[in-house]
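One-letter residues, chain by chain:
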Amino acid sequence: MSVRSLTARLVTAVVVAMVLAVIIMSLAIVIYPGIMKWTAGAVCPDGFPDPFVVRDTESIRPGETTTTFTMYCMDEQGLVRDVGWFRPIIILFGALVVVELALFAIMATTSRRRSKPSPPAVAPPSPTPGPSPIIT
Amino acid sequence: MRSVWSVVALAVVVAGGCVGSIDRDEFRAEIDARGGGTSTALVVGAVDAMSTELGVTDFQVAKVVVNSQSVLFDVRDPQQPDNVDTYVYTQGRLGDPTPVRRSSSDDPLEESVFGIGAVPFDELDRILAEAYEATGVGPGATASVVVQKFGVFGDDFMFFVNVSGERSDGSARFDSTGTLISEDDQ
Numbered sequence: 001m002s003v004r005s006l007t008a009r010l011v012t013a014v015v016v017a018m019v020l021a022v023i024i025m026s027l028a029i030v031i032y033p034g035i036m037k038w039t040a041g042a043v044c045p046d047g048f049p050d051p052f053v054v055r056d057t058e059s060i061r062p063g064e065t066t067t068t069f070t071m072y073c074m075d076e077q078g079l080v081r082d083v084g085w086f087r088p089i090i091i092l093f094g095a096l097v098v099v100e101l102a103l104f105a106i107m108a109t110t111s112r113r114r115s116k117p118s119p120p121a122v123a124p125p126s127p128t129p130g131p132s133p134i135i136t
Numbered sequence: 001m002r003s004v005w006s007v008v009a010l011a012v013v014v015a016g017g018c019v020g021s022i023d024r025d026e027f028r029a030e031i032d033a034r035g036g037g038t039s040t041a042l043v044v045g046a047v048d049a050m051s052t053e054l055g056v057t058d059f060q061v062a063k064v065v066v067n068s069q070s071v072l073f074d075v076r077d078p079q080q081p082d083n084v085d086t087y088v089y090t091q092g093r094l095g096d097p098t099p100v101r102r103s104s105s106d107d108p109l110e111e112s113v114f115g116i117g118a119v120p121f122d123e124l125d126r127i128l129a130e131a132y133e134a135t136g137v138g139p140g141a142t143a144s145v146v147v148q149k150f151g152v153f154g155d156d157f158m159f160f161v162n163v164s165g166e167r168s169d170g171s172a173r174f175d176s177t178g179t180l181i182s183e184d185d186q
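Protein chains in written order, with the working numbering: chain A, 1 to 136; chain B, 1 to 186.
Isolated chain A, as found in the complex (with noise of 0.2 Å):
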């Protein structure tokens, strides 16, 4: 494989990695939006280790209300830390993608295995076959 070719096949493996990051992150977001609190690790500062997010509904106009989630950090004794919700949503978008990265490359590997021609089997040697005999 020339290095031109695999070079496109890895910018194609990265845009859908990201295409389907964007997507399932959308629908996680709004399905599970406590999916955030699986950042708290790398978003809470130490002694804040108690991750909430929390939900705001306003009504902006009679029928229509928008809902935003904000993150927080709280220690033992209440105090908060806002970590909002731009880190720990970059942070999980990043994760996917890294792992759909390596599911492809999985993918990948296997189906080259499988299409790669088996080689032959080893056959003993036949005696060279002699004239068939002419029946008259």
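Hints listed in this document are in silico derivations from the structure and should not be mistaken for laboratory results. Mixed in with the good hints there might be a few duds.
One-sided excerpt, in silico: chain B residues whose CB lies under 8 Å from chain A [unchecked claim]:
#: 1; residue: G35
#: 2; residue: G36
#: 3; residue: T86
What you are looking at is a predicted structure, and each value in this text was computed from that prediction instead of being measured. Beta carbons are placed, not taken as given, at the ideal position from N, Cα and C, and that holds for glycine.
Given chain A, put chain B in place with the hints provided.
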């Protein structure tokens, strides 16, 4: 099969935006249940940030107010000792200074200020626990603390702790060493 997907879709719509999150009121209740965030950790962080901002470890203050989630300092400017500025520390960050207006009828600044290093903020958790116990307000109560020189009570600074509960309020005074002087139920 179609009915199964309908149920799944309905569950997603109903549960969507709720799973793993809490609303703002529940969050405030959780903060209050843990003590409101008024703590030694909050003040120590605030004093460290203030020291870094001013470039000195023992700066002078005219007043320190510790609230739930924030600390307010009225600080004497080390570079221009006639000036006092208000700084607010919240969310781990120190805001920009705001000038404090003083009038000729105020006590002389020299008599109002005290060194931050003399305030036993590392005792604040114990002071708060004693204030809760002395006032009988809580659990679930939140407190705010004012550290200042109150002329009527003497020349030294003291801690004035206001405790606020769901059904009652109270206050307690502690001297400059953090010893309880008096309490008042309201």
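Going down the list of hints, with the structure as the test:
no.: 1; hint: G35; verdict: 5 Å, holds
no.: 2; hint: G36; verdict: 5 Å, holds
no.: 3; hint: T86; verdict: 21 Å, violated
The structure does not agree with numbered hint 3 stated previously, though it agrees with all others.
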